[in-house]
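Based on the provided sequences and hints, a complete structural model is requested.
Those sequence lines, one after another, are chains A and B.
Using our numbering, the letters of the first sequence correspond one by one to residues 1 to 566.
Using our numbering, the letters of the second sequence correspond one by one to residues 1001 to 1303.
If you are wondering where the hints come from, they were derived from the structure by calculation, not from laboratory data.
Check each hint, because a few of them may be wrong.
Stated by the list, open to error - Subject to a maximum C-alpha distance of 16 Å in a straight line, what follows is the list of computed EDC-like cross-link-like pairs (lysine to aspartate or glutamate):
hint	chain 1	residue 1	chain 2	residue 2
1	B	K1016	B	E1291
2	B	K1005	A	E480
3	B	K1130	A	D55
4	A	K385	B	D1104
5	A	K486	A	E367
6	A	K65	A	D95
7	A	K117	B	D1104
8	A	K92	A	D67
9	A	K385	A	E113
10	A	K403	B	D1104
11	B	K1054	A	D399
12	A	K117	A	D338
13	A	K252	A	D282
14	A	K252	A	D70
15	A	K252	A	D145
16	A	K405	B	E1261
17	B	K1054	B	D1117
18	A	K6	A	E556
19	A	K117	A	E367
20	A	K92	A	D70
21	A	K348	A	D331
Claimed, not checked - Non-contacting residues of chain B with respect to chain A, defined by C-beta distances greater than 10 Å in every case (computed):
hint	residue
22	S1040
23	R1213
24	F1218
25	T1229
26	L1243
27	L1290
28	I1292
29	A1303
Yeah, the Cβ is synthetic: ideal placement off N, Cα and C, and Gly gets one too.
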Amino acid sequence: MLSTIKGRLVVIGALLLLCVWGLVPKTGPEGNKVSPINLGLDLQGGMHIAVEVADSAGTMTAQQKADAIDRTLTTIRNRINQFGVREPTIQKAGDQRIIVELAGIENPERAKEIVEKTAFLEFTIVKSSDELRRALPRMDRAIVDSLGPQSVGAPELGGAQGQGGQKGLNEILGGADTSAAGSDSAAAGSDTAAVGSDTAAAGSSDTSAAGQGESLRPLSALLLESGAPGEFLVAEQDVPTVEKYLALPGVKDALPRNTRLAWGANPVGEGGNSFLPLYVLDQQPMVTGDQLADAGPATRDPTYNEPVVPFTMTRQGARMLQRGTSRHVGDQMAILLDGRVQSAPVIKQTLSRRAQIEMGTGSSLQEAQDLALILRAGALPVPIKIVEETTVGPSLGADSIAKGKLAFAIGILLVVLIMVAYYRVAGMMAVGALCFYVLLVLGGLAGLNATLTLPGIAGLILSVGMAVDANVLIFERVREELGMGKTARTAVEAGFQHAMSAIVDSNLTTLITAAILFQFGTGPIKGFAVTLSIGIIASFFTAVFVTRTLFMVYLERHRSGEPVSI
Amino acid sequence: MRLFKDASYDFLNNRKRAYIFSALLLLVGIFFLVVHHGLSYGVDFTGGTLMQVKFGKATDVAQVRSAISGLGGGEAQIQQLGQGNQYVIRLPVFQSDQQRDVGDELRSALASSFGQDGYTVERTEAVGPKVGNELQSKALEAILIAFGLTLVYLAFRFEWRFGVAAIIATGHDILITFGFISMFNVDITLATVAAVLTIVGYSLNDTIIVFDRMRENFKGKRKELYVETLNRSINETLPRTVLTSGTTLATLFALFIFGGEVIRPFALVLILGIGIGTFSSIFVASPALLEIENWLQRREAAA
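So, in structure tokens, the structure goes:
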């Protein structure tokens, strides 16, 4: 079949049809036009993120991480499905990483939040701060012991903090209402005072007493009484310092038993002075988010005009909540999301199935809706962190496609001009083969479901330049054979034969390179490798088979004696 | 049309001049790589944050710099793209001290200076240090494996001396290409590595075609000196070498000029590398082969 011109033309025609058929735009399920070739995120716009388990303590084994990643994968899938992105890619890369690719996403920050948020919900009783207050001197000493008096009590630092505290205190005394609204407790502000009776004066005394470890109160000087039983306030600029202190091992040990501290999610206060609440909580939560049955829809609370997310507990969760709250009517219950206290309402009566999360006045309804979505889809088994992120806006992608098309067209035009000017009729055959080559590559991309990326377009353009190489090798060889006085037919025959080994060698070496690029590459580079490989195979086929067929047709029409136009 | 018809340049006896040219290029390359500013790695390898931003109205570098000056973690690099209001901002950090993504901080810093609608983020790339290190070693591995595998292939298809000569030529090309990369301040990114690997492939390809002809001519019955066979082979493949480089470079220039800002450095690296690859297949690979042959003969004569 391949020895006759007719047979060869049938093969070429069939392949041509196959490619054209593969490239006809299809209509998607929603009546939208679907591009026959998958476009990479860099061309259609979208975001790519890679996440890993955040093992900040460094205590997880590889096996534990792999297990956690498996469970995380399911949760992220649930969340993205509810988020409603068309054809998301959510897959594992290795056994410790998850890749999420969302095409055409308009708001990458929102999508990130939905993937990344642990959404670990806890309900915990707020303890009285008395016990902690008794432990504070011990904690202060532990800080001084581990950091040294200089670093915590350096005159400048101590002075600044003391002043900050002093100022903040006055502010609170003046504006008790605002802080009360934020802390959810009805009676705040009336008996506001800094922790420890002499702290107000600490600002000035610190400066003189610096260096005398006994009198240094690095932590307690920064904690201001809010008025609510289990809640302190910390000036926002001091929050990192307090965090640092609390993370010290000695300080952790000095905490009263069965107690932990947690920051509030939203700062309170007004103007330039805002404070973050620090809550004293029971170590053990009464119930956690895995007992959540449903969440949402998010609404605005009519009284405070802040978004809220109502939720329902499971039967078991409701029982646990009921048991926990029945002993604490009149106390506060903290609702924590990812370790931060979202709100701490006073328990007026025993709670059971329904409750709500308050988002704070600064939040939008959209954020509340997203939180409801995340809660419905479930918490992540462990906190995760983003280790890599790429986003491309839709307009840049469209711009890249337009420019890529232009460069591609001009590149091909240049090659056509060179080939026709240099080889005349044979050059036109090469151009014919080149057109076929382009169709073959595009059809191949569509057929193999490969993804076209920006480097992929570059690879395609580059491979056009290289695709004519095989033709050039053959034509040069034919010219040489003709120069030796051979007849047209035998010269063409010999030309193809002799050029073969060089063509095979050069194509194979490039193919090796492409294979390696494919192996190690991430998204865009993989796209480059794929188009380069398809390009090499297609160029081999077109040069060796298509050009040869065209030559056979040409020689058929030109009787011997006439010169070959090459 | 026919270029280099019956060309018979004496490439090999003039090889000293080619050596000087190569040495000059290598020296310039090494100067830029070692003495001058070396290689600047993109965020894919070092970890860090890159953001391409388009502003609604005319904005200058100083305005952009002051808008993001509050961001910690190191010096921001701000580069204007083309003539438009587009800028690329690079920060060497992925996460700030407060554990926040620098990309998010950049967004809020820009929003507070230019307004929420005053700017559009066209593209971000943020890579954590761990991923960066991984990619770095993976890229190096890829270049080495590509090298090794082609060597194996060459050893299999040709005699070992061809393989060694091809490796010398390719090593020469890679070194000079990196010199150019440093000189033109092109960031080393995944795309640059892909470009370098493509150059390796192309340069080897070019060399193989000349070597293939040599191998064929050695089999011929003509009585001629080794150096004459090499010269003849180079001359015979000269039209092909020039034409293929011509078409490839033509497409790359189209890509360089019309392909847009993102792809331009990639195209530039390829243009330079393919130019060098073409040069080396004639002026480095074949002379190297000759030197190896001469060395072997001298050793034989001594023994």
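Each hint tested on the structure:
1. Only pairs whose Cα atoms come within 16 Å are accepted, and K1016(B) paired with E1291(B) is accepted, the gap being roughly 12 Å.
2. With a CA separation close to 10 Å, the supplied pair K1005(B) and E480(A) stays within the 16 Å bound.
3. Proximity of K1130(B) to D55(A) is assessed by CA-CA distance (about 13 Å); at most 16 Å being required, the pair is judged to hold.
4. Straight-line distance between C-alpha atoms of K385(A) and D1104(B) comes to about 14 Å, which keeps the hinted pair within the 16 Å bound.
5. For the given pair, K486(A) sits about 80 Å from E367(A) by alpha-carbon distance, which is inconsistent with the 16 Å threshold.
6. Of the pairs offered as hints, the one joining K65(A) and D95(A) holds, with about 8 Å between alpha carbons and a cut-off of 16 Å not exceeded.
7. For a cut-off of 16 Å, the pair hint linking K117(A) to D1104(B) stands: about 15 Å separates their Cα positions.
8. This hinted pair checks out: K92(A) and D67(A) have alpha carbons roughly 12 Å apart, not beyond 16 Å.
9. Between K385(A) and E113(A) the alpha-carbon distance is near 11 Å, which keeps this suggested pair within the 16 Å criterion.
10. A hinted pair counts as satisfied when its Cα atoms are at most 16 Å apart, and K403(A) with D1104(B) does not qualify at roughly 29 Å.
11. Taking the CA atoms of K1054(B) and D399(A), the gap is near 13 Å; set against the 16 Å cutoff, the hint holds.
12. At most 16 Å may separate the alpha-carbon atoms for a hinted pair to count; K117(A) and D338(A) meet this at roughly 8 Å.
13. For the hint linking K252(A) to D282(A), the alpha-carbon distance of about 15 Å falls within 16 Å, and the restraint holds.
14. Of the supplied pair hints, the one linking K252(A) and D70(A) is violated, its CA atoms being roughly 32 Å apart against a limit of 16 Å.
15. Between K252(A) and D145(A) the CA atoms are separated by roughly 13 Å; this keeps the pair inside 16 Å, and the hint holds.
16. As the CA atoms of K405(A) and E1261(B) are separated by approximately 14 Å, the hinted pair is consistent with the 16 Å bound.
17. Among the hinted pairs, K1054(B) with D1117(B) is consistent with the structure: their alpha-carbon atoms are about 11 Å apart, no more than 16 Å.
18. The hinted pair formed by K6(A) and E556(A) meets the criterion: a straight-line CA distance of about 12 Å does not exceed 16 Å.
19. About 12 Å separates the Cα atoms of K117(A) and E367(A), which keeps this hinted pair within 16 Å; it holds.
20. For a cut-off of 16 Å, the pair hint linking K92(A) to D70(A) stands: about 8 Å separates their Cα positions.
21. Using a Cα cut-off of 16 Å, the hinted pair K348(A) and D331(A) holds, with the two alpha carbons roughly 8 Å apart.
22. Listed as a non-interface residue, S1040(B) keeps its Cβ farther than 10 Å from every Cβ of chain A; the least gap is roughly 19 Å.
23. Separation of R1213(B) from chain A is inadequate, the least Cβ-Cβ distance of about 7 Å not exceeding the 10 Å criterion.
24. Chain A leaves F1218(B) outside its interface by the beta-carbon criterion, the shortest separation being 14 Å against a cut-off of 10 Å.
25. Consistency note on T1229(B): stated as away from chain A, and its beta-carbon is indeed over 10 Å from all of that chain's, at 16 Å minimum.
26. The Cβ of L1243(B) does not lie farther than 10 Å from every Cβ of chain A; its closest approach is about 5 Å, which violates its non-interface assignment.
27. Distance check on L1290(B): its Cβ is at least 21 Å (rounded) from any Cβ of chain A, clearing the 10 Å threshold; non-interface status holds.
28. With 10 Å as the threshold on Cβ separation, the claim that I1292(B) sits away from chain A holds: the shortest Cβ distance comes to roughly 20 Å.
29. For A1303(B), the condition that its CB be more than 10 Å from all CB atoms of chain A holds, with the nearest at approximately 34 Å.
The structure fails to meet hints 5, 10, 14, 23 and 26 from the earlier list, while all remaining hints are met.
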